[in-house]
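Protein chains: 2
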Amino acid sequence: MRNLKLTLAYDGTDFHGWQVQPGRSTIQGALAEALQRVTGSSSIPQGAGRTDAGVHALGQVASFTVAAPIPARNLVIALNDALPPAIRVLSVEEVAPDFHPRVSAKRKTYRYRILRAELCPPFVARYVWHHPYPLDEAAIIAAAALLEGEHDFTSFAAVDPDRSERLAAQEASNLRTIYSSRFERHNDELIYTVTGNGFLHHMVRNLVGTFLLIGRGTLKPADLPRILAARNRSANPGATAPPQGLYLVSVEY
Amino acid sequence: MRNLKLTLAYDGTDFHGWQVQPGRSTIQGALAEALQRVTGSSSIPQGAGRTDAGVHALGQVASFTVAAPIPARNLVIALNDALPPAIRVLSVEEVAPDFHPRVSAKRKTYRYRILRAELCPPFVARYVWHHPYPLDEAAIIAAAALLEGEHDFTSFAAVDPDRSERLAAQEASNLRTIYSSRFERHNDELIYTVTGNGFLHHMVRNLVGTFLLIGRGTLKPADLPRILAARNRSANPGATAPPQGLYLVSVEY
Chain A
420 MRNLKLTLAY DGTDFHGWQV QPGRSTIQGA LAEALQRVTG SSSIPQGAGR TDAGVHALGQ
480 VASFTVAAPI PARNLVIALN DALPPAIRVL SVEEVAPDFH PRVSAKRKTY RYRILRAELC
540 PPFVARYVWH HPYPLDEAAI IAAAALLEGE HDFTSFAAVD PDRSERLAAQ EASNLRTIYS
600 SRFERHNDEL IYTVTGNGFL HHMVRNLVGT FLLIGRGTLK PADLPRILAA RNRSANPGAT
660 APPQGLYLVS VEY
Chain B
420 MRNLKLTLAY DGTDFHGWQV QPGRSTIQGA LAEALQRVTG SSSIPQGAGR TDAGVHALGQ
480 VASFTVAAPI PARNLVIALN DALPPAIRVL SVEEVAPDFH PRVSAKRKTY RYRILRAELC
540 PPFVARYVWH HPYPLDEAAI IAAAALLEGE HDFTSFAAVD PDRSERLAAQ EASNLRTIYS
600 SRFERHNDEL IYTVTGNGFL HHMVRNLVGT FLLIGRGTLK PADLPRILAA RNRSANPGAT
660 APPQGLYLVS VEY
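Residue numbers (the numbering used here), protein chains in the order written: chain A, 420 to 672; chain B, 420 to 672.
Treat the hints as calculated values from the structure; they're not laboratory data. Keep in mind it's a predicted model, so treat the numbers as computed, not measured. Check before you lean on any hint, since a few could be wrong.
Here are a few chain B residues that face chain A, going by a calculated C-beta distance under 10 Å [said to hold, decoys possible]:
1. Val495
2. Ala501
3. Ala505
4. Arg507
Just so you know, even glycine gets a beta-carbon here, dropped at the ideal spot from N, CA and C.
Produce the entire structure from the sequences given, and follow the hints as far as they go.
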């Protein structure tokens, strides 16, 4: 059996997230269907991260085992013919049998786009969080940098209803290392880019929701160490930012 | 009664075109519903042009009569609150009682976006025609310029099932003046922009379909005068280009 690594981009708006769910349209489900149609194999592709409903990807990684000796280049073309236009396979490469897109991942990068313009054009409404109200952007930028380093992110983690007991025991620690945590202005958008060795469920959206409270003056950047130290989601007044602004940008191995 | 002129942008992907149809989601229907909710009036807004299912607008114009003395600026905000994010009101202004968005229009501009890249990113699939195959772009550019001036465009017109007998009698002439007809390359896109005093049903999409045959070498630019002279859609082998690449850019009065 060959172990194949697929890199994917998708518009998550019209899907119920990554993970296969009976009777619902999901990225993993659409990919499994296309893989079966093209290769005849009914193995389910594994992903680097389970994006939620409405969340997008520029470089999600999945793996899949297949017996058929189809060249990688032909697989890209055949899979894109079989997939809906909202999901594109960017590349396929053969990897070692022990490669697992989640377990083998060293670093992941996410991006969150906040549109600051008064009006949100219909062509970007699916791809940003529209926030036309006043924000202290300097305070947000200062707060984001405070997260770099190793921290326990329990205060920014949702309870994950899908995570099995076994996985929970294996990954009980909520310690994560953040290598880079930066906001930047790009025209009308305030864009957050964060790279870390792993992320808890809803962590990026909860970080953005908390940064927004800092931008509104409800919290100060100096409140972040206290919120982290509490290791309790209810010690964090920040809401979960909506899914459509979030992108899984890349996964490094 | 005040006569109000609304300028609108919309993503047409998830609508069955401009025109109200029973049991179907349309731009005119969504706008009528928002206008009724905001102003209490049940008058149906009239549009400058009936865009087809999947066709977008950057500057569609509609008009609407209303008794309520709501300031135009407040109407923009209230209508955008009531409308789905795929439809945005860009401006509202009071106009003379005899203003009609279609009858009063002097010039309209449409744009058609063709993506020439090998892969169509999921975030633009709703907004372009993906055509990754070889094309003689110089021939297309030369052909487009030949259409400027006054011509009978019957060979580029679809039979319009919605047009009433009365309207057909009023507008029996298929003579239209094209002020500008140009293609340009913008990164990976080949973009057609056309301005005229009016357009027949499917005319821009049929023009683009014919230009594509010229780009493939099936037709030559010099075939266009013969196709126009035939005044018969079946004398034109060009297919109707798909709707998602087309934008109603602006209407001038």
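Hints versus structure:
Among the interface hints, the one on valine 495 of chain B holds; its C-beta lies about 9 Å from the nearest C-beta in chain A, closer than the 10 Å criterion. Taken as an interface hint, alanine 501 of chain B does not check out: its beta carbon lies about 15 Å from the nearest beta carbon of chain A, beyond 10 Å. For alanine 505 of chain B, the interface hint holds, since its Cβ comes within 10 Å of a Cβ in chain A; the closest pair sits about 5 Å apart. Residue-level restraint check for arginine 507 of chain B holds (minimum Cβ-Cβ distance to chain A is 5 Å; threshold 10 Å).
Violated hint: 2 only; the structure is consistent with all others.
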